[in-house]
Each structure stands twice: as structure tokens, then as C-alpha cells.
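What follows is each chain in one-letter form.
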Amino acid sequence: MEAFTTHTGRAVPLRRSNVDTDQIIPAVWLKQVSRTGFENGLFAAWREDPSFVLNNPVYQGASILLSGPDFGTGSSREHAVWALQQYGFRVVIAARFGDIFRNNSTKMGLLPVVLPSDVVEKLQEAAEADPAVEITVDLAEREVRLGSESWSFEIDDYTRWRLMEGLDDIGLTLRHADDVAVYENGRQPWLPTTV
Amino acid sequence: MGRTLAEKVWEQHVVRRAEGEPDLLYIDLHLIHEVTSPQAFDGLRMAGRTVRRPDLTIATEDHNVPTVLGPISDPVSRTQVETLRKNAAEFGIRLHPMGDAGQGVVHIIGPQFGLTQPGMTIVCGDSHTSTHGAFGGIAFGIGTSEVEHVLATQTLPAYRPKTMAIEVKGELPVGVTAKDLILAIIAKIGTGGGQGYIVEYRGEAIRKLSMEGRMTVCNMSIEAGARAGMIAPDETTFAYLKGRPHAPSGDAWDQAVEYWKSLRTDDDAVFDKVVEIDASTLTPFVTWGTNPGQGAPLGAAVPSPEEFGDPIERAAAERALEYMGLTAGTPLREIEVDTVFVGSCTNGRLEDLRAAADILRGRAVVTRTLIVPGSMQVKKAAEEEGLDQVFKDAGAEWREAGCSMCLGMNPDTLKPGERSASTSNRNFEGRQGKGGRTHLVSPQVAAATAVTGKLTAPADLAQGR
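Protein chains in written order, with our numbering: chain A, 230 to 424; chain B, 450 to 914.
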């Protein structure tokens, strides 16, 4: 996982709520067996509309997505995270996220930032008024900054540490393999196996 | 203080707990399918890791498979299915491939084999894993990174979600189903209402549901934002499980049942949130919009965006009506559909097919109607009862098992502008095919709609057949 400490970039205002993962990456794109090449599938259906915000050349190269509430609801497909990252996004800011999407993001180093709706709205307005405006997302300080203003956001210490160090969860868990073995010895005897 | 069911099951599975870290949770059963697993197996190979417990892992082919006999025509889909076969063979994982008697939708086959039992932790790279909570375990969907994590360690690091009780008072009226109930619940609490919670469904109406109905309810927990939904096990649960291939037997059965009986929320336990709903006031419920929370009783009309006070909801309703090609004020019963789909992990079980067949028996469909059993075993059982003949006589298509038109990864899709009444779980834009328009309904409403070509409740049909 790519480490995340602080990121400054331009932002795209996506003025939609309930952006489900079927919109982020339609199912037809999930047939790939590799982890790469998903950027072309990002918002594939919406991008066919020339007026869709990502088609506006002024937002090209933006790396922060500013969405309405309930971003990433629905399907558990991690491909949604891969598509956003491979397209160039490092951060998504919204008032609410689907639980699975949020979890998947933190496994991959895409930072989901929860800010109140009125703050997201303010950031969206700023990015609409001046698409060149830069927003800073500082994970160390747990803070989003725009010009002279700043807003703090919440993220638990453990996830923050993992993101800042770019650590692989599996490696961390394997340090506790002995605990897992002890637990396994005490499992209830009637529990099923698939054998 | 007493504990909730969710707290009891969670605590039973904590391998390791440390200050400032998520719990390390043991996973009793890991279900796998072709779409969300290939990159996880690649990850294992790249890191030189193995599958810790292939004996707690089971795989099936469901999302991509065609529901007509014959090979997979799409080469990309075929590669994905072949990749799963290769991975299952390499890592020693039991697989039910296309054509196998045990093949089916991942959330149908777990319970069918008796692998889904009370008090277990169950995960799968699929958000509808919440289905398995109907047996009183904690079951939730995970992404591919977590699939890899479970393969390698049989555990997941996770913070325990908050607990929510959804108390369903009273009884469901005749003709109102588990699907109507869950659609009404989602409309009430919203697509984000369950975010951060494990939901426990409780109350008289829930106790009276069959296991199939309970699975339908828990299945759609994710559509209300909750990663997991659960129902305390009871005699209905035990009766369903007894005698299934992987259920305990003999002394182990008695031991298990004694433990399972302790899996209930203590009377003095406190939930973080409680929502109440009166089942006795419900009627058949359908969706009109593009998220599962945009639903209404079938007797209502398409709402006007102005009815929504919240500006974000108003904008979402405006956009949904535009996408759905609907005009505010149109009675829902006047909406004409092109296709009816009965199937999916929500409503692809035998009870659902029986309900649809009861309505179609002696009647004829006027729409393209796909009946897709959730598993090969469901298909076989339905054929033994002659349900396939009822469907064929009515003019419906009787298909092989798979996810099919629920998400249109196989050839079963809507064309742009086509409209369906579907027993599946998501009415998202393009879910059933690009430009397709989906109305979520119960199997009963789906069948009645196939007869008239408009959204219809069984009670609306003339008595004559």
C-alpha cells in the first residue's frame, strides 16, 4: 500500500448523493482478473454524458473527489477503489460513506475523509468557482485546509498509523499467528468444515 | 448489564484485543466466487503465502455464469471462471463449478449445505453476505484485500460496529412478504440509516418468518447501509438446519442446540439505536427510484421531488425520476414493464419460486419473464414439484442457477430504456444493464406483474385463470 501523509491537489465537485459502487465501476468491468486497467471504467456510464463533471477539461489532473453524502454504497467491489486510484484520485471527501467502501479504501491507501455536508458544499463551491484552487488533506494533523480555512476530520489512530506507514495488514496479523493457533484449538467442536 | 446477540457472537470470536487497535476476529466460514477473488489469490502468490484454512473455505461460480446450458460465450467471463478453478485447485479449496449439483449463488448454497449456522462469523467478497445473519451469526461483505487477508490468516482486524434493533411489531397482513417488509424498512431509515451498525431484526413479525423470509430480510441489510443484519436463532432455525449435510449430528447436535439457545439478546441489554416499525400496516412495497430507499407502497403514486424537504434528497429524486422515465403523480400500478426477473440471493429460494408459481399457475405472462433458481438444488427441488412446468406453461423462461439479471454480468441484461420488475436487491442506474430501469418487488408482485404487464399485486388479479 502506498503511504499517505499529506496531499495537496485540485478537486472535482461531484454533486450527487448515493454514488453507489455500481456507478463508480459498472459490473461489466469486474470481469478482469488483474488489479490494473480500471481507470477507464471509472464512472463509465456517466462519462458518456459530455456534461459530466469529469469530462470538463478544467478538472483534468484533479486528485481529490468532493462528493455528496453516501458515497460508495452498495456492492463490496474493491474495484471501485482501484478505479478511483488508477484514475488519479488520492482522497474522497463526503459527509457519509458506505462502510465496505470506506474499509476497502483504507486497505489500499485511498483516503476517505468525512466532513459535514455544509463543509463539503463549501469545498465544492470553491472548486466550481476556481477549478485551479488547491485543497490540502493532512492526515498527520487530521485536517483539511483551503486557503486560510481549515476543518478537522476524525479517523481512528490505528488506521491513520497504518495509512501513514503504508503497512500491509496481512503482515501485521501474521505477527500474531500464535494467538490465532491458540484460538483455533479452543473452537467449538461442532463447527462445520467444508471438507 | 446484559449483552446483545451481536456482542455475544463478536466476543466469542475475538482472537486478540489490544488497546488502540481493532479486534482481531476469527472467521468461521469464508465463501468465495469468481469475481472478487482472483486478485486476492494473486496477492497470496506474490507474497509466497498459503491459504491457512482451506477447510473453512468454499467456492462457487455464480456471478458470470450463463443461465442457459452451454459454455460461457464471453471470453473475459470464461477466463475469470477458469481462474477460479485454477486457484481452487492450487490452494485445495472445495469448488462447485457450473453444472455441478451443488453449484449456485454463494448465499444460497451456504445455508443449503448447512454450513451457515448460528453464532458463526461468515465473510465473502460480496455485500449480500449479510444474508447469513438470518441464522444468528455475524456475516458481512468484504473487499478483495480483506478476502486475501482471510485466506492468509482466517481472521480480520475490525472494530465492532454499533448495535441497532429494528423491532417489527405486529403481524404481516396476508399477501405481504418479507421482501415488502425489508423494502419498507429501507425506505424508513434510508440507504445510510444502518451505516456503522449491525442490525438485529426482532419482534413478532420476524419470529413468524420462515428461514427463507429471514434470509430475504437480512440480505438487504446492506441496502440500508448496515454491513450485517441478524436474527436470533429459534426452533425455526434449528428445524431448517437439522439433517443438512454440514449440520452437526448426534451428541454434537444437542450440544450445538444448547449453545445456540443462548444466542439471544439479554432482556437488560441496551442497543445503541432502536427503530420500530408496525408490520400490520404494511402493504406490497415497490421501488420507484434508483436506490433501494426510494420505495413506496404499490398503492401510492410516483412522488414529486417537492415532497422531499431535504435538498439533497430532492435532487436525488429529481434525477431518479429522469433516469427512470417517470412522471410525479403517476400511480405506481400504471407503470408498464418489459421484463420480469424472479431470482437472486434475495429471492431465488424454493419458497420464492413456489410463491411465483402459485400466481402463474393457469395464467399467461405478457412480458419477458426470467425465472432463475438460486442454486442447482433449488432447481431440482422445484422441478420435482413441477414448478418448472407451471412457469413454462405460463410462457416464462426456466433457467439454470446463477446471479443472472440481478447484476447483468452474464448475458441476462436489460437493454437501454427497458424496464423490469425484479425480485433482486438493487435498483441502481444501469445495474441490470446499461440504461435499464429497475423496480424492486417481491416474487408475488413480480409474478402478478408478468401477468398484466404493469406493476401489480396478486390481489389485483381477477379470480378467473
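Among the hints, erroneous ones may be present.
With a straight-line cut-off of 25 Å between C-alpha atoms, the simulated SDA-like cross-links for lysine to any residue are [as the list claims (entries may be wrong)]:
| id | chain 1 | residue 1 | chain 2 | residue 2 |
| --- | --- | --- | --- | --- |
| 1 | B | 618 | B | 495 |
| 2 | B | 722 | A | 260 |
| 3 | B | 611 | A | 266 |
| 4 | B | 457 | A | 417 |
| 5 | A | 260 | B | 700 |
| 6 | B | 829 | B | 718 |
| 7 | B | 691 | B | 656 |
| 8 | B | 618 | B | 718 |
| 9 | B | 864 | A | 412 |
| 10 | B | 829 | B | 520 |
| 11 | B | 535 | B | 849 |
| 12 | A | 260 | B | 712 |
| 13 | B | 637 | B | 495 |
| 14 | B | 903 | B | 748 |
| 15 | B | 637 | B | 620 |
| 16 | B | 722 | B | 638 |
| 17 | B | 657 | B | 700 |
| 18 | B | 535 | A | 419 |
| 19 | A | 260 | B | 495 |
| 20 | B | 611 | A | 260 |
| 21 | B | 637 | B | 730 |
| 22 | A | 260 | B | 638 |
| 23 | B | 883 | A | 315 |
| 24 | B | 691 | A | 422 |
| 25 | B | 535 | A | 422 |
| 26 | A | 260 | B | 539 |
| 27 | B | 883 | A | 361 |
| 28 | B | 722 | B | 642 |
| 29 | B | 611 | A | 419 |
| 30 | B | 710 | A | 315 |
| 31 | B | 691 | A | 387 |
| 32 | B | 457 | A | 420 |
| 33 | B | 710 | B | 687 |
| 34 | B | 883 | A | 410 |
| 35 | B | 722 | A | 345 |
| 36 | B | 637 | B | 524 |
| 37 | B | 864 | B | 527 |
| 38 | B | 710 | B | 700 |
Read the hints as simulated data drawn from the structure, not as lab findings.
To see whether the hints hold, each was checked on the structure:
no. : hint          : verdict
1   : B/618 - B/495 : violated, 52 Å
2   : B/722 - A/260 : violated, 39 Å
3   : B/611 - A/266 : violated, 37 Å
4   : B/457 - A/417 : holds, 14 Å
5   : A/260 - B/700 : violated, 45 Å
6   : B/829 - B/718 : violated, 44 Å
7   : B/691 - B/656 : holds, 18 Å
8   : B/618 - B/718 : holds, 19 Å
9   : B/864 - A/412 : violated, 51 Å
10  : B/829 - B/520 : holds, 20 Å
11  : B/535 - B/849 : holds, 23 Å
12  : A/260 - B/712 : violated, 40 Å
13  : B/637 - B/495 : violated, 46 Å
14  : B/903 - B/748 : holds, 13 Å
15  : B/637 - B/620 : holds, 18 Å
16  : B/722 - B/638 : holds, 12 Å
17  : B/657 - B/700 : violated, 28 Å
18  : B/535 - A/419 : violated, 31 Å
19  : A/260 - B/495 : holds, 21 Å
20  : B/611 - A/260 : violated, 34 Å
21  : B/637 - B/730 : holds, 13 Å
22  : A/260 - B/638 : violated, 33 Å
23  : B/883 - A/315 : holds, 23 Å
24  : B/691 - A/422 : holds, 16 Å
25  : B/535 - A/422 : holds, 21 Å
26  : A/260 - B/539 : holds, 21 Å
27  : B/883 - A/361 : violated, 33 Å
28  : B/722 - B/642 : holds, 11 Å
29  : B/611 - A/419 : violated, 29 Å
30  : B/710 - A/315 : violated, 49 Å
31  : B/691 - A/387 : violated, 43 Å
32  : B/457 - A/420 : holds, 16 Å
33  : B/710 - B/687 : holds, 10 Å
34  : B/883 - A/410 : violated, 48 Å
35  : B/722 - A/345 : holds, 21 Å
36  : B/637 - B/524 : violated, 43 Å
37  : B/864 - B/527 : holds, 22 Å
38  : B/710 - B/700 : holds, 16 Å
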